[in-house]
Structure formats: structure tokens, C-alpha cells
Amino acid sequence: MHTLLATLISLALLMQTAGATGRVVTLVLPRDLTADEGAAVEVKVGVIARGAQIKVETTSGKLLGVISPYGLRSGDEAGTYPIPVPPEAISNKRISLRLTLSYNRSKRAPTAQEVRSVQLKITPSRQ
Amino acid sequence: MPKLKSPVTRRSFLKTTLAAAAGAASLPIATHAFRRPTAKYIRYNVMSEGGQKAVKSYNFAIEQMLKFPPTHPQNWFRNAFIHLMDCPHGNWWFYVWHRGFLGYFEETIRNLSGDSTFAMPYWDWTTLPEIPAVMFDGVLTPTAEPYAPFTKSLEVFTSFIQPPLMTYWNTLSPAQLNQLNIRGYTDFNKMWNDVTGNGDPSNQAFAITPKARYLTRENPKLDADTYKNCEPSTILAGLSPTDFYNESVSLSFTSKKTESHNSAPARGAFSMLEGLPHNIVHNYIGGVTNIDPGPYGNMTNNLSPVDPVFFLHHSNMDRLWDVWTRQQQSRGLPILPPQPDLDALSKEPFLFYVNGDGKFVGDSTAGEYLSMERFDYEYEPGFPNTLQQTSSTRQKRGQVQVRGTVSGNKATLNVPSASIKEHLAAPAAAFLVAEVTVPRPSPSSPTREFHVLVGAPSDVTEVDPKSPYYAGTIAFFGNMSHAHGANAEATFAVPLPKSPQAFKGLAAATASVNIRIVPAYGRRKTPAVLKAATVRAV
Numbered sequence: 001m002h003t004l005l006a007t008l009i010s011l012a013l014l015m016q017t018a019g020a021t022g023r024v025v026t027l028v029l030p031r032d033l034t035a036d037e038g039a040a041v042e043v044k045v046g047v048i049a050r051g052a053q054i055k056v057e058t059t060s061g062k063l064l065g066v067i068s069p070y071g072l073r074s075g076d077e078a079g080t081y082p083i084p085v086p087p088e089a090i091s092n093k094r095i096s097l098r099l100t101l102s103y104n105r106s107k108r109a110p111t112a113q114e115v116r117s118v119q120l121k122i123t124p125s126r127q
Numbered sequence: 001m002p003k004l005k006s007p008v009t010r011r012s013f014l015k016t017t018l019a020a021a022a023g024a025a026s027l028p029i030a031t032h033a034f035r036r037p038t039a040k041y042i043r044y045n046v047m048s049e050g051g052q053k054a055v056k057s058y059n060f061a062i063e064q065m066l067k068f069p070p071t072h073p074q075n076w077f078r079n080a081f082i083h084l085m086d087c088p089h090g091n092w093w094f095y096v097w098h099r100g101f102l103g104y105f106e107e108t109i110r111n112l113s114g115d116s117t118f119a120m121p122y123w124d125w126t127t128l129p130e131i132p133a134v135m136f137d138g139v140l141t142p143t144a145e146p147y148a149p150f151t152k153s154l155e156v157f158t159s160f161i162q163p164p165l166m167t168y169w170n171t172l173s174p175a176q177l178n179q180l181n182i183r184g185y186t187d188f189n190k191m192w193n194d195v196t197g198n199g200d201p202s203n204q205a206f207a208i209t210p211k212a213r214y215l216t217r218e219n220p221k222l223d224a225d226t227y228k229n230c231e232p233s234t235i236l237a238g239l240s241p242t243d244f245y246n247e248s249v250s251l252s253f254t255s256k257k258t259e260s261h262n263s264a265p266a267r268g269a270f271s272m273l274e275g276l277p278h279n280i281v282h283n284y285i286g287g288v289t290n291i292d293p294g295p296y297g298n299m300t301n302n303l304s305p306v307d308p309v310f311f312l313h314h315s316n317m318d319r320l321w322d323v324w325t326r327q328q329q330s331r332g333l334p335i336l337p338p339q340p341d342l343d344a345l346s347k348e349p350f351l352f353y354v355n356g357d358g359k360f361v362g363d364s365t366a367g368e369y370l371s372m373e374r375f376d377y378e379y380e381p382g383f384p385n386t387l388q389q390t391s392s393t394r395q396k397r398g399q400v401q402v403r404g405t406v407s408g409n410k411a412t413l414n415v416p417s418a419s420i421k422e423h424l425a426a427p428a429a430a431f432l433v434a435e436v437t438v439p440r441p442s443p444s445s446p447t448r449e450f451h452v453l454v455g456a457p458s459d460v461t462e463v464d465p466k467s468p469y470y471a472g473t474i475a476f477f478g479n480m481s482h483a484h485g486a487n488a489e490a491t492f493a494v495p496l497p498k499s500p501q502a503f504k505g506l507a508a509a510t511a512s513v514n515i516r517i518v519p520a521y522g523r524r525k526t527p528a529v530l531k532a533a534t535v536r537a538v
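As you go down the protein sequences, you meet chains C and Y in turn. The numbers in the working numbering rise by one with no breaks, and the one at position 119 of the first sequence is 119. The numbers in the working numbering rise by one with no breaks, and the one at position 462 of the second sequence is 462.
Chain Y on its own, in the form it takes in the complex (with noise of 0.2 Å):
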């Protein structure tokens, strides 16, 4: 798994530009295809100086919400209630919801924190695939000691959130008790059977304080297999169909079309980009494979948004759903399906949100959110970082892709000089990627973290993040003893190098690149292996 640490610098935002402009000219509705040149707020990378700012406002806030009585429709676990009641999963409604709720939750926030320039940062955990450290301080996690006093126990939670929920349950209209019962809750204990999971462990929402997260400071990186949903190639696939909605899952950018937004996702097809990384990122972090047969925390069920995390994962995802409605529209392409659908898409009833000042906001529906104008943001630009590059990465995926010959613990690749060069100069995320294939650790190996070094001089056996050389980390978790035993090897991505120190000979038109990887933190005792490298255009 690619550890990437290299500091995430403030950059300049793509624009709308004219092509996106006249794209959109063409799409079925105009108010919705047409993007602000400027947004009022911008949602950073989390890491970013910006993003580092919002989180402190974040914390500052939930602070307060924390505070707030359970009568309160502001109050922290009120507001997620809001998702556990009302979010779709599975189907297409799944990014214009979670738009709605993320934009009003951020008025609250900007509200609370006092902060008026706060928008939700976003976790790009395709660069950076472990929880953000910050996202352990204060009350960013759901294990912190000011959650205590209301999750430490599920007898103290109930006391404490059932009767005001019942007591709003019992204000419900007609219509929401109907999109209710469409998702299986005839009555108020058929919700709270899936707080308490009802006799079933990993079915139970609710989690207690110091078990509320999985990962840990110590131990904040996503897994292998987590990664390989989130890695630069699975992002792609994800963004690569061209219809806001297909019949065949495959082709689609969103989940299945179903009746409502409340259909229980049995009946779904989940897109690709819902399918894998959103799902795996909320599981792993709740536990799922390492804490079976839960209960699990907080990020695995509807009740996720308990963990703060919830909201720069989902800033992730909407972030990824404007990356693709730009890369459409620059290519003259529809951002919503044609007509009879998007009437049917439009017209969905979400009638559960609360708005910035506590207010419940009553009828509204799926169209107010197609648009990122309802809330005035953009976003720092992330993986895939420019609507440019995925653009020409379409034409040159598969024309770059070459395969190392090895050598012990190094991989000697030529590389066209011309992909280099773009590689470079690509303004912020990477062009090129290295595939690299190592063995599985033994049991008993106390080394599972490799660094992965790209053009390093021989001599050079430890690096830092910050050398020039630095590619990034892979690292093996979990017990080794469950790994396939016939298969004993794992590939990962690691982006290459911005440095122009770690490639050398470009003026030929192909340039010699090697690849090393050496053991992690100083065990220069354990022998690595290199079994394969490919570089590629992603």
C-alpha cells in the first residue's frame, strides 16, 4: 500500500472553460450544466494549509453540536439519525443526497465555528491512504473522551437520544412516514432495532466510545485490499462511463435507478465508484475484517456520520462526481440522463434534511442538488487533479505502459522520455504510476513496510518522504498466516516521483528508470525482493 506523505501544496483551480461552457449548451437542462467560474467557498484537500484551517473549525463546532441537548436537530447524534433514517445506497439518488446533507451540515458548521469561510475539507485517499492524523485530535474522533458521556454505553445512549426521537418520530408527515416504512421502518423499533442490531452484533449501529473507530493514530492506514478500491486505476474506471445512468452498471456513473431513494440497496447495482471505494473506506474503518462479527464502529453502518471522518469521505465523493461532470462537459457530453429520467431523478422527495440554522428544511427534492451552486463551493483540485489530465490520460492510457526487467531488489524500466517530461510537469498529481510486485512477508518477517525508491543512486538505502527519490510506502497489514499461500505476492501503485533529480538521460527519447524498494525505518537487515515493476499512464 503506497504511503504518501509529500506535503499537498495550495494550488491554482481549474476554471470552467469555454469547451465546458458549450458542452453544456447542449445538456438537458441549462440551470444545472453550467458551472460558476467562482465559488464562495472552496473545500480543500484536508491536508492543505486550507484544509488544515477548516478542520479546526470543524472540531471547534462539533464541539458545540456535542453540546446541544437531543432535542435539538442540531445535536451531533441528531444529525446523524438524519443519514441513518433517510440516506440512499445502491441506487442513483446516492451522490445528489448526500450532496444535500453534506451542504447543509456544512452551513451548520460554518454556523457554529463562527468560521465564515469554512467548507468541508475532503480525504483524498487515493494520495494519502490512511486516516488523516488530524482527524485523531480533539473531537474528531468518535473515541474521544467528550463522546463518553453519551455512547459509553448502549444503555446510556438509549436514555439519552430514544425519548426525543420518538417525540420527533410522532411529528412526522405522512410523507416521510411513507419513505419510512418504503425502507422497512413501519414503526419507530423497527429503526431502533438496527441501533441496537436487534440480537446481531454486526447489525448494530451504535458503538461505544473507545470502539467507535477502528483505526487508530497509531495504526491509521487502510489495507491492501482497501487500497486497491481506492487506487488511481480503480478512481478511473470509476469516472470512465459516459452516461449519468446505464441500464448496464458498468457503463454507468451512478447506482441503479429504483423506485425511491429508500429502496433497500438488495435491489441496487452499485456504480463502481459507490461499489468500491466509498463502501470499503466506511467498512474498514469501522472494523469489518478485523473485528468480525463486530459490532463494529461507527463508519460501518448508517449511524457513520458519529465519526467525523464521515464527512471528508463524502466530501471525497462528491468531489469525484464534479471531476466527471467537468470531464463530461469538456467533452460536450450530458451531466444528467435525458428526459423522462431526469424528471424522475428531479422529482424525488428528500424531506428529512436540516438546514445551517436548525431548521428543519421540509419538502425539498433531488433537483435542488444536482447543481454545486446550491451551496456556492468547488473544490481544490485532488485525484484525478485536472479535468486536462483525465482527459489526455484517455488517449494515452495504454500507449504508456511498460514492464521492468529485475533484478534482485530493482527494476530497470525505459520509459519514454516525452511521458516523463509530462509526468513532470503535470501541476500536481501523478501521470505516471509504478505497478511494483513483491512476496508476501513470512509470519514471522517483522518487516511489512518497504519504501519504494525511484532513481536512487545505489549508495542511498534510507529515505525520508522528502527525498528527491521517494516514491512511496507499501506496507503489509493483518495476520500473514491467512495470505494465499500459491499467490504469495501483492502488486501496488505508487505514484512516481515530481522530481526531476529521480530521472535521468532526458534528452534520448527514452530514459533509463530504475526502481529499488528497501525495507522501511532502518531494518537494513531484511532482504528485499522485487518480483516485478510496470510503469503506466493513468
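With the rest of the complex left out, here is chain C (with noise of 0.2 Å):
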């Protein structure tokens, strides 16, 4: 069943925009959550500098997780992380997200490089 679930992702990109303060993507669930249903975002991130960070959250400022690459060798491509979403972050299937890179005291969208996609999945149980 939780392989079932796991097919019904949202690939849907509606808008991708950099802004100063980061990139916004929005996503779209294929259906409503159930009540027993909760969401989170797979992040893939390619190669970013070794202490660089990267903060997941609303576009109206609610964070949902920061990933922080560790156990990296230099110049590896960082991985997949999933972050989990709260249910009510969602409203019409829909969720706008802003992405922010962090490094040095500097604050950056991500380039499509540094993430290279960001998926919205369904999971079994709510968070």
C-alpha cells in the first residue's frame, strides 16, 4: 500500500522563480491528503560547499527543516532528504515553498545545480 502511495507524487512544477531571498517552487499533491495521510518534500541537492545549508520552508515564512549535509568528501553531490510537512501547510493540494541557500553569512537562492529537483510525496501517516 505504501508502495502505492509512494506512485501517487506530485512531479507537478507550477512555478519556479529566485528571488533575493531564495527560490520558490510550488507543488502539487495529486489528490487531497486523507485523514490518516501526511506529505513531505524530497529535496535532491548536488554539490554545494563543504558548511553550506540549505532552509526549507512556507513562502509564508513557517520552516520545515534545514539540511545540512555531513559525512560528505569534497566535491560529492550531497543527496536526497526528505523533510516532512505539516498536513495544514497545505491548502488546495497546493504548497509554495522557498528554498534558501546558506553559506558564510550570505544568503542565496539555490542555482538548479545545487537542487536539483524537489518533489512533493505522499506519506502513510500524518507528522
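Wrong hints could be hidden among the right ones.
[Claimed, not checked] In silico EDC-like links for lysine to aspartate or glutamate, alpha-carbon gap of 20 Å or less:
hint, chain 1, residue 1, chain 2, residue 2
1, Y, K531, C, E88
2, C, K107, Y, D292
3, Y, K56, Y, D137
4, Y, K56, Y, E145
5, C, K107, Y, D223
6, Y, K190, C, E77
7, Y, K257, C, E77
8, Y, K257, C, E42
The set of hints was computed from the structure by calculation and includes no laboratory data.
Relying on the hints, combine the two individually framed chains into one complex.
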């Protein structure tokens, strides 16, 4: 069942913009969540500077999580990270997220090479 | 960021239930499925009486390890090189490899300390989002003076450790060298480049003594971003997968299946618990975001076991694996993957461990460490405190979620009395958590810490953690000028207090709960503003 749910993945990337404070992506679920389901965003991260972090928050400012790669060798891609999404942050099956890369006391939007993809997935239970 | 200083008391331990055993009977390999009803050793919360006793033994044993010559496999720094040469990250051997590493290390500390009851305490950063104060005592911080003869400069460290490490390298078996090859360490110098950084300060695993740990006794706290990855909702989300391994990482308790435990994390996908709290606690302690671009403290890299807090951090990660395992057992769900994955997982060779007698373990496999029986220990409960709690939580999360009406610095919420009673009756950790949203302080504001009060009479404006109304302390760190301007608010999760005095009117179906914030530490002239408050079951 979980595998089935996992296939119900929204890859829809309706809007992607880069702003001064981050890169905004809007993701859409294929259907409404049921009472027993939750959601997570999976962020695939490419090569970023060691010590760089990627903050994932809603465009209304609710912090969802911070990707802080660890255990990498220099020059390695950072891998994929799931971050829980509170169901109440999703409205009409949509959620808009801001991704911000911070490093060395500066913040900017990650490039397409630094954040390769962002997916919204249905998970089996609410967070 | 909540600051939860209420003392952790010694608690009774959850015993494996008949239901758990019944569930385990359907598991792939029964020898891994059954948890012993009692264990010989108890890993305590570091803040408990048992934990405080254990860290004294830990401190004593580290003193001995620092005195061992670098040719000794139990020399403090040689022990850290086991991790640098062999640790898996971003793959499904993360938990099991660290269980073996921690288990043998625990035996070492037991032997060297002479404390026959020693077990590694854990640091539950969900309920204590700061480095435990005791970890700044004695040699429990790598910035302590006894480390200086070895780490006062890279040159000193190199002359001390490199020759015996090269000698050791030349004794390695073809199987060990093959694993190092997979890791990218095709020769000794490739490995050593990760110690020096090879010109890249951010990649330098070595840290000089005074900068070996970024957080200090005066500034021990995790910041708000770090705590977000450790807060109850994140931990519960990380415990929610029902598969030990699933190709979709959101549905997988463990990180990605790879060809070898030495495969680069670049090919991996991190489970929530490894990728969020595990990673960021490592990095923040070492100074990531605050001393970019490095060199960082030890915890940010694969020589992280040089910092003694490493083992308390990983004891907590191992505890969460145990929580997940018992949760699965209680539901009759498998705790390990089905065949043929189970074979692939179990047969992976772990070849670099050193046991409690200072001997190389030699050939061992991951399957030997899938059960806690191997080292005969169990955990004093931490967050989430009991199996029953996580089970009931799953049914009630989403059902209990109350948003308050806010005026000034006070929110009023109508919370079901039954939920409050359940919260008060829960044996240890909180069942109800308040999410409070406050504006970020301006760059010039002298007040960046606020106490969260629940049910406090209006004339109560100052509390300490012993107050029945005290829920926690939230704090901002760093340069506020870097905060987002348009969304200059932050939300913190704070467990509600466990004292009945904080709640009135429980005879009715719903009780009116008031939540206030006040400036901490007597800064009463600074106005506090509460933007929103929600109470939810976790």
C-alpha cells in the first residue's frame, strides 16, 4: 500500500522563481490527503560548498527543515533529503516553498545544479 | 528554541510486551526480532542521576585513552580514525554500523573506567536543545587542556599520529584495503588529505584545541534552525515509516540501499532522522553557519569522535532506532527488510572495529549488530517516551489541534480536557505541545530570549524552570539583520508543562488554557509580543 502511495507523487512544478531571499517552488499533490496521511518534500541536492545549508520553509515563513549535509567528501553531491510537511501547510493540494542556501554569512537562491529537484510526496501517516 | 531544563527523573523502563513478541514472531529472522525483557546495562539520559554517574566514568576513561600511545588501538585519536576510515552515511548501514562502533567503545569505557555498570548515556536534543553542561567538564570537551599536547597544531598532530597510522595502514588486509578503495582512499595520502583538508579549510577534519568545538559552556544552545530538525514533530515524522527500507526515502526508516557501506553519500538518500537531526546537530556543534568557511570543529566531519559528545549524540540516534523497532513490534510489523534484502544488509563486512580489550575485532558483519542483544543494553526512555505514547499519538494527532485567539502577548485556547488529562498522566515526555509564533527581535533588541508560561496568573511576570507555569524558553541567536524581512516571525514548539496548576477547569469538556510569553531573565522593560499559538498532540 505504501508503495502505491509512493507512486501517487506530485512532480508538478507549477512555478519556480528565484528571488533575493530564495528560490520559490509551488508543488501540487495529485489528490487531497486522507485523515491518516501526511506529506513530505524530497529535495535532491547537488554539489554545494561544505558548510552550506539549504533552508526549506513555506512562503509564509514557516520553517519546515534545514538540509545540512554531513559525512561528504569534498566535491560529492549531497544526496536526497525528505522533510516532513504539516498537512495544514497544504492548501487546495498546493504548497509554495522557499529554498534558501546559506553559507559564509550570506543567503541566496540555490541554483538548478545545487538543488536538482523538489518533489512533494504522500506519506502513510500524519506528522 | 525551547530550553527545557526541568530535571529528568529516573523512570521505570518499558518492558517488551507479549504483543510485541507476538508481532515479532512473524518477522524475517526471529533471533533479531525478540528483544530481551531486561538487559544487563542501561543507557541513561545524560541528565538523569544514572547519566550523571556514567559521564564521570566516561571522563575518567577518556583520560586513560588520551594517555595511551598512538600505537595503541584504544588511543583516543586512533579510536576516532575508525570512524573516519569506515563510517557509513546516507545509506542503510548508518544505524547498524554506528551501533557496533558505539557498542565496542562502550566496552572500552567500561573496562578502562572500572565502572562495571557503565553504559553510554544519551543526549536527547528534543527535550534538551543544548549541549549538556557536564559535557564541558574535564576532558568531556575536546577544547580542554589535556588535548593540547596532541592537537595544538596540525604539525603536532601529524607528528604524533601519522607514523603509527601509516604502520597500521600497512598491516591492513586486502578486504580492508578494498573497502577503503570504495571510499576513495586508494592510498594513505588520500585519506590523510581529509585530515589536512588538502588546501580546503572547510574539508579539514583536524581541529586545533581551542576551536575543536564551536559551542561553549556560555553558549551551549542549538539555534532555532537546528532545533527545528530536532523538534517533536520532526522526530515523529522520522519514526513514521513502517518499512525498514523503502526505495522511496520518505517511506523508509533507513537511508538508501547502496552497494557498500563505504559508498559515497553522494549516491545516497538520507532518511529523515539521519538527514535532519543527526546531520545538523553534528554540524552546528562544529560551527557550521557561524565560522564558515572553516576550519570547523571536530563534530562537522568524520573525525567527529574526537569530540566526546559524539557518542552521546549517537547513543540518542541508536535509541530512536530502538523506539522505531519496538513501535513496529507492537503493530506486528517487520523490523528488518525481507529477503533477499535482509541478506544483503546482514552480510556486509565491518572490518575495522576495536573491542573493549583493545583487540581488532577482525571479520564481522552487519548482521551481528542488528540486535541490541549483542551488547546487552537498553535505554532509559526519552522522547517519545514510550511505545504506547507513539501508538496513541498516531491515532490522536490531527484530532487535537487547537489554535488560540491572541491579544498582546497572551493566547487563549479551548483544549479538550481529556487531552490535558492524558498529557498530565503521561509518565514522562509531553503529549501536548504548544507552537508559539513570535516576531524576530530587531538587530538592536537586547532581548532575544523569552519564557513561555502556561496558565500563569496575570501578576506572574518572572518564572524559573521550577515554576509550575514554566513551559520552556525560546531564544534567537545570530545576527538578526540576516533574518528575513518579509516573514520576520519564527515558530517554536514547546512541550506544555506537566503540572496540574497550569490548567484550570478540567471538569468541563474543554478547558481554557492561556499561554503567555515574557522576556527572560528580568528584562521586563522589553515588550513581548505573541503572534500565534497552537496546541497539538504529538
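20 Å Cα cutoff - pair K190/Y, E77/C: 19 Å, holds
20 Å Cα cutoff - pair K107/C, D223/Y: Answer holds: K107/C to D223/Y is near 17 Å, not above 20 Å.
20 Å limit on alpha-carbon distance, applied to hinted pair K56/Y and D137/Y: Judged against 20 Å, a Cα distance of about 10 Å means the pair holds.
Satisfaction of hint between E77/C and K257/Y, Cα-Cα up to 20 Å: Within the cut-off at roughly 17 Å; holds.
Holds or violated: K257/Y to E42/C, with C-alpha atoms at most 20 Å apart: 17 Å, holds
Satisfaction of hint between D292/Y and K107/C, Cα-Cα up to 20 Å: Distance of about 13 Å is within 20 Å: holds.
Pair hint outcome, K531/Y versus E88/C [Cα-Cα no greater than 20 Å]: 18 Å, holds
Pair hint K56/Y and E145/Y, alpha-carbon separation not exceeding 20 Å: 18 Å, holds
Violation of the numbered hints given earlier is absent; every hint is satisfied by the structure.
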